[in-house]
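Chemist: Given next are the chains, with one letter for each unit.
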Amino acid sequence: MDERKLQLFAPVILILTIITSISITIMLYLQKTNIIMIVLSCILSATLITLLIIFRLIHKVFFTNNIRKILSVVDNFKKGIFVQPSNEIKGNDLLSKMYGELLIASRHLDNIIKSQKNEIDKFRELYNNMMFSMNAYIMALDFNNKIIFTNELFLNKFQLSPSEVNGKNLSDIFYFLTGTVLQAIEEIKSTHESIILEKAHLISHNRISIIADIKLSFMISNNEPQIIMVMDDVTSKTKRDYQISLITRLSETIQKDDALDHILRTILTAVTSGTGLGFNRAMLFLRDDKNNILYGRMSVGPDTLDEAFSIWSSLNPLKGKEILSRGINGDDVHGRLLKEKVESTSFDLNEDTIFTQTLQSGETIHITDALHDQRVNDEIKNFIDVNEFVIVPLIALNKIIGILIADNKFNQMPITQDSVDLLTVFAYQAALSIETYNNLELLKKEMEKIRHRQEAIVESEKLAAIGRIASHIAHEIRNPLVTVGGYSRRILQTANAQQIDIQKIKKAAQIIMTETERLEKILANVMDFTRPSPFLLRFNNINEIIDDTASLLSNLFQERRVELSLQLQEVPLIKSDFNQMKQVMLNLLQNALDATPPYGIVEVKTYSDDKKVYIEVSDTGSGIVEEDIYRIFEPFYTTKTTGVGLGLAIVKKIISDHNGDIKVINKERGAVFTISIPLP
Amino acid sequence: MKKILIVEDEQHQRELYAMELQEEGYEVDQATNGKEAVDKVKANKYDCVILDIRMPEMDGIEALGKILSRDKKVPIIIYTAYSNYKSNFMTWTADAYITKSSNLKELKDKIKELVSTRS
Numbered sequence: 001m002d003e004r005k006l007q008l009f010a011p012v013i014l015i016l017t018i019i020t021s022i023s024i025t026i027m028l029y030l031q032k033t034n035i036i037m038i039v040l041s042c043i044l045s046a047t048l049i050t051l052l053i054i055f056r057l058i059h060k061v062f063f064t065n066n067i068r069k070i071l072s073v074v075d076n077f078k079k080g081i082f083v084q085p086s087n088e089i090k091g092n093d094l095l096s097k098m099y100g101e102l103l104i105a106s107r108h109l110d111n112i113i114k115s116q117k118n119e120i121d122k123f124r125e126l127y128n129n130m131m132f133s134m135n136a137y138i139m140a141l142d143f144n145n146k147i148i149f150t151n152e153l154f155l156n157k158f159q160l161s162p163s164e165v166n167g168k169n170l171s172d173i174f175y176f177l178t179g180t181v182l183q184a185i186e187e188i189k190s191t192h193e194s195i196i197l198e199k200a201h202l203i204s205h206n207r208i209s210i211i212a213d214i215k216l217s218f219m220i221s222n223n224e225p226q227i228i229m230v231m232d233d234v235t236s237k238t239k240r241d242y243q244i245s246l247i248t249r250l251s252e253t254i255q256k257d258d259a260l261d262h263i264l265r266t267i268l269t270a271v272t273s274g275t276g277l278g279f280n281r282a283m284l285f286l287r288d289d290k291n292n293i294l295y296g297r298m299s300v301g302p303d304t305l306d307e308a309f310s311i312w313s314s315l316n317p318l319k320g321k322e323i324l325s326r327g328i329n330g331d332d333v334h335g336r337l338l339k340e341k342v343e344s345t346s347f348d349l350n351e352d353t354i355f356t357q358t359l360q361s362g363e364t365i366h367i368t369d370a371l372h373d374q375r376v377n378d379e380i381k382n383f384i385d386v387n388e389f390v391i392v393p394l395i396a397l398n399k400i401i402g403i404l405i406a407d408n409k410f411n412q413m414p415i416t417q418d419s420v421d422l423l424t425v426f427a428y429q430a431a432l433s434i435e436t437y438n439n440l441e442l443l444k445k446e447m448e449k450i451r452h453r454q455e456a457i458v459e460s461e462k463l464a465a466i467g468r469i470a471s472h473i474a475h476e477i478r479n480p481l482v483t484v485g486g487y488s489r490r491i492l493q494t495a496n497a498q499q500i501d502i503q504k505i506k507k508a509a510q511i512i513m514t515e516t517e518r519l520e521k522i523l524a525n526v527m528d529f530t531r532p533s534p535f536l537l538r539f540n541n542i543n544e545i546i547d548d549t550a551s552l553l554s555n556l557f558q559e560r561r562v563e564l565s566l567q568l569q570e571v572p573l574i575k576s577d578f579n580q581m582k583q584v585m586l587n588l589l590q591n592a593l594d595a596t597p598p599y600g601i602v603e604v605k606t607y608s609d610d611k612k613v614y615i616e617v618s619d620t621g622s623g624i625v626e627e628d629i630y631r632i633f634e635p636f637y638t639t640k641t642t643g644v645g646l647g648l649a650i651v652k653k654i655i656s657d658h659n660g661d662i663k664v665i666n667k668e669r670g671a672v673f674t675i676s677i678p679l680p
Numbered sequence: 001m002k003k004i005l006i007v008e009d010e011q012h013q014r015e016l017y018a019m020e021l022q023e024e025g026y027e028v029d030q031a032t033n034g035k036e037a038v039d040k041v042k043a044n045k046y047d048c049v050i051l052d053i054r055m056p057e058m059d060g061i062e063a064l065g066k067i068l069s070r071d072k073k074v075p076i077i078i079y080t081a082y083s084n085y086k087s088n089f090m091t092w093t094a095d096a097y098i099t100k101s102s103n104l105k106e107l108k109d110k111i112k113e114l115v116s117t118r119s
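For the protein sequence lines, the chains are W and S, in the order given.
Using the working numbering, the first residue of the first sequence is number 1, and each one after it goes up by one.
Using the working numbering, the first residue of the second sequence is number 1, and each one after it goes up by one.
Treat the hints with care, as some may be off.
Within a straight-line C-alpha distance of at most 27 Å, the following computed DSSO-like cross-link-like pairs (lysine-lysine) qualify [said to hold, decoys possible]:
no., chain 1, residue 1, chain 2, residue 2
1, W, 157, W, 146
2, W, 215, W, 239
3, W, 582, W, 652
4, W, 652, W, 667
5, S, 108, W, 504
6, W, 504, S, 73
7, W, 122, W, 146
8, W, 611, W, 521
9, W, 612, W, 582
10, W, 506, S, 108
11, S, 2, W, 504
12, W, 612, W, 521
13, W, 506, S, 110
14, S, 2, S, 42
15, S, 73, S, 108
16, S, 108, S, 45
17, S, 110, S, 3
18, W, 507, S, 108
19, W, 504, S, 35
20, S, 45, W, 507
21, S, 108, S, 35
22, W, 60, W, 114
23, S, 108, S, 3
24, S, 66, S, 108
Quick look at which bits of chain S chain W covers, simulated, 3 or more residues with Cβ under 8 Å [as the list claims (entries may be wrong)]:
no., region
25, 2-15
26, 63-72
Since the hints were derived computationally from the structure, they do not count as laboratory data.
Heads up, the beta-carbon is just placed ideally off N, CA and C, and yes, glycines get one too.
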């Protein structure tokens, strides 16, 4: 039945019923009634009322059902069920239409949800795959630092079971965490911003250590705030980088620094610097064969766990520079007790201990359980005071000069082969440095000795030279003085005897004059040598100088019947002082002439190469006596009967002033002087 | 008359000694270098030889040896401007070593002494 018709029908019946009721009432009032009319009216009213009641009932049944259906659809919606039963409501009324629309919307929603669920499923699968294949340790913490979740990789790495981890505090699992990790956790609690930490160091209570890049993110799960830590294990990469950087830095330091203490401290610091890479403590012992002991030379490492934490927290393991500069300063406040202990300890080299064994064999000894190891004697046990340590020999050029002892006293981490290898590298460097330093010291001492000896030789040579100079000057001056004095005396004698012979006096005076002039010449010569003369460097042709000098001496050569032969090649101009070079040629030619007997030859040659111009003066004299050949350029050294012995010394000085060189050799007959002057 | 050989390359000095010694009453012979001196000693007999050290051709020290090998007894006075050769052991074989001076008194005294002991 149509709802709209039903709705129209109801008021019509109602009005009819009311009209009927009113008509009955009026008729009764007018008393114009007959029984038939009343009966008819009553029947009519009763019929109408019955109809009304029936209609209400039909209406009620019909509507309630439809609304119930709609409500059930909505109920299903609430439950997330969108696919409805297929029994549709037929009809054109509003309820049916509404129901129809609801069903269409329901199908739409169902489709949307199905496709979204599909997407989510796919994403979840991808996510799971990613999580599973990710090589990272994952940990979720609540705001009380309690561990909510860790991935399997984490558990495997730290050798823990879920029950040992879940619900535990971070500090129950980790024995050491780089300070920045805890800071970051606190920070993220207030800011909720992700934080990335590089190369943080974590050590678990069961001594498993990692260096990781950590990403911390904030998340809310089940209405609870959480911190997710994704840790990317970079231990081995960092270790490698670190070792390389340390070794590089170390060799740089060693090359630059010659103070042994600095180098050794740098090495020991390097060995102990990385929190998870190196050792906690390192001790250097050197052998002293003179006293037959192995003595503590140096140590680096904290004295207490607190010190250890403060060192580790303040250092970034990859900043080698920082670490090494700390080492170089050497004013570390940490490890005073260890330093005192090590530097006051020595071991007898005669005793058979693991230390002396390492010294003899050159083998590394790794003690893992000192308490029960028969090889470790009580003295060493007490000294080291740690159960695991390693002894590495310092081998320098096949000589074992000491040992390096290292341990992990404070974090108790097992010593890995990696660490031992690193220690070996550093021990090698240390040994080389020590050996180099010792050799250098030895060399310095020897050099010092040689220098002293040289000084003594130079001193005695100087004295000898002064002696020679004095003797020559004395000789040269005494001769004319004797003559001058002698003749003066004679003049005086004749004057006293009053037998004045003018001729004799004249002759004596003449001699005195000559000898005085000679004295003056000697003085001038000496002064020439000592007085710095003005030096005028011009471009000169050396051949011109030689020609000039040769013509000056040509008469003298003729007189002595010595041939002067000039063989002058074209040579480049040289920067020289014309007059001084003339003096050189004059002295050399004069010497050559003096050395050459009559009918001999004095030869002058010039030639050049791309660097120098050469002048060669040779004679056919008797040459130079072997023992004199090194001394002929010395001032006041002479083999001639006259002259002060300055000629060749002056030559040498002038040539040196020209940055040149002069050499002399004996040839078959006579001597050859060769001058070389560099081209400008 | 005692005969003295003066061996000296410096002409003025040589002549001075000669004049002075002649005035002292000696017969004087002269040589200008060691070689000449050795030749003269070979040819003549002298009562004293006055020998300079630095001379051309042959120096006094070489001449000293040669003269002595020829005539072991002839007194030789080394008379030189060098004062440092006195310690040279070769000169020890001479009878005297006198450093030259413009005053010839020391030389004359020594000649007198040597010549008189010889006779």
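Chemist: For each hint, tell me whether it holds in the structure or not.
Modeler: Structure-based check of all given hints:
1. Of the supplied pair hints, the one linking residue 157 of chain W and residue 146 of chain W holds, its CA atoms being roughly 19 Å apart against a limit of 27 Å.
2. The hinted pair formed by residue 215 of chain W and residue 239 of chain W meets the criterion: a straight-line CA distance of about 20 Å does not exceed 27 Å.
3. This hinted pair checks out: residue 582 of chain W and residue 652 of chain W have alpha carbons roughly 13 Å apart, not beyond 27 Å.
4. A threshold of 27 Å between alpha carbons decides the hint, and for residue 652 of chain W with residue 667 of chain W the separation of about 21 Å falls inside it, so the pair holds.
5. Using a Cα cut-off of 27 Å, the hinted pair residue 108 of chain S and residue 504 of chain W holds, with the two alpha carbons roughly 22 Å apart.
6. For the given pair, residue 504 of chain W sits about 37 Å from residue 73 of chain S by alpha-carbon distance, which is inconsistent with the 27 Å threshold.
7. A distance of roughly 32 Å separates the Cα atoms of residue 122 of chain W and residue 146 of chain W; the hinted pair therefore is violated under the 27 Å criterion.
8. Under the criterion of a C-alpha separation no larger than 27 Å, the hint pairing residue 611 of chain W with residue 521 of chain W is inconsistent with the structure, at around 39 Å.
9. Taking the CA atoms of residue 612 of chain W and residue 582 of chain W, the gap is near 19 Å; set against the 27 Å cutoff, the hint holds.
10. Using a Cα cut-off of 27 Å, the hinted pair residue 506 of chain W and residue 108 of chain S holds, with the two alpha carbons roughly 25 Å apart.
11. Distance restraint check for residue 2 of chain S and residue 504 of chain W: the Cα-Cα separation of roughly 26 Å lies within the 27 Å cut-off, and the hinted pair is therefore satisfied.
12. Of the supplied pair hints, the one linking residue 612 of chain W and residue 521 of chain W is violated, its CA atoms being roughly 35 Å apart against a limit of 27 Å.
13. Taking the CA atoms of residue 506 of chain W and residue 110 of chain S, the gap is near 30 Å; set against the 27 Å cutoff, the hint is violated.
14. For the suggested pair residue 2 of chain S and residue 42 of chain S, the alpha carbons sit about 17 Å apart, so the restraint of at most 27 Å is met.
15. As the CA atoms of residue 73 of chain S and residue 108 of chain S are separated by approximately 19 Å, the hinted pair is consistent with the 27 Å bound.
16. Between the alpha carbons of residue 108 of chain S and residue 45 of chain S the distance comes to roughly 20 Å, so the proposed pair stays at or under 27 Å and holds.
17. Restraint check: the Cα-Cα separation between residue 110 of chain S and residue 3 of chain S comes to about 15 Å, which is no more than 27 Å; the hinted pair holds.
18. A hinted pair counts as satisfied when its Cα atoms are at most 27 Å apart, and residue 507 of chain W with residue 108 of chain S qualifies at roughly 23 Å.
19. The straight-line distance between the Cα atoms of residue 504 of chain W and residue 35 of chain S is roughly 31 Å, outside the 27 Å bound, and the hint therefore fails.
20. The suggested pairing of residue 45 of chain S with residue 507 of chain W is violated, with an alpha-carbon distance near 32 Å, which exceeds 27 Å.
21. Taking the CA atoms of residue 108 of chain S and residue 35 of chain S, the gap is about 24 Å. The hint holds against a cut of 27 Å.
22. Restraint check: the Cα-Cα separation between residue 60 of chain W and residue 114 of chain W comes to about 38 Å, which exceeds 27 Å; the hinted pair is violated.
23. Distance restraint check for residue 108 of chain S and residue 3 of chain S: the Cα-Cα separation of roughly 14 Å lies within the 27 Å cut-off, and the hinted pair is therefore satisfied.
24. Under the criterion of a C-alpha separation no larger than 27 Å, the hint pairing residue 66 of chain S with residue 108 of chain S is consistent with the structure, at around 24 Å.
25. Coverage of the region 2-15 of chain S by chain W holds [criterion: at least 3 residues with CB-CB distance below 8 Å; count 4].
26. Requiring three or more residues with a Cβ within less than 8 Å of a Cβ of chain W, the coverage given for the region 63-72 of chain S is violated, as only 0 such residues are present.
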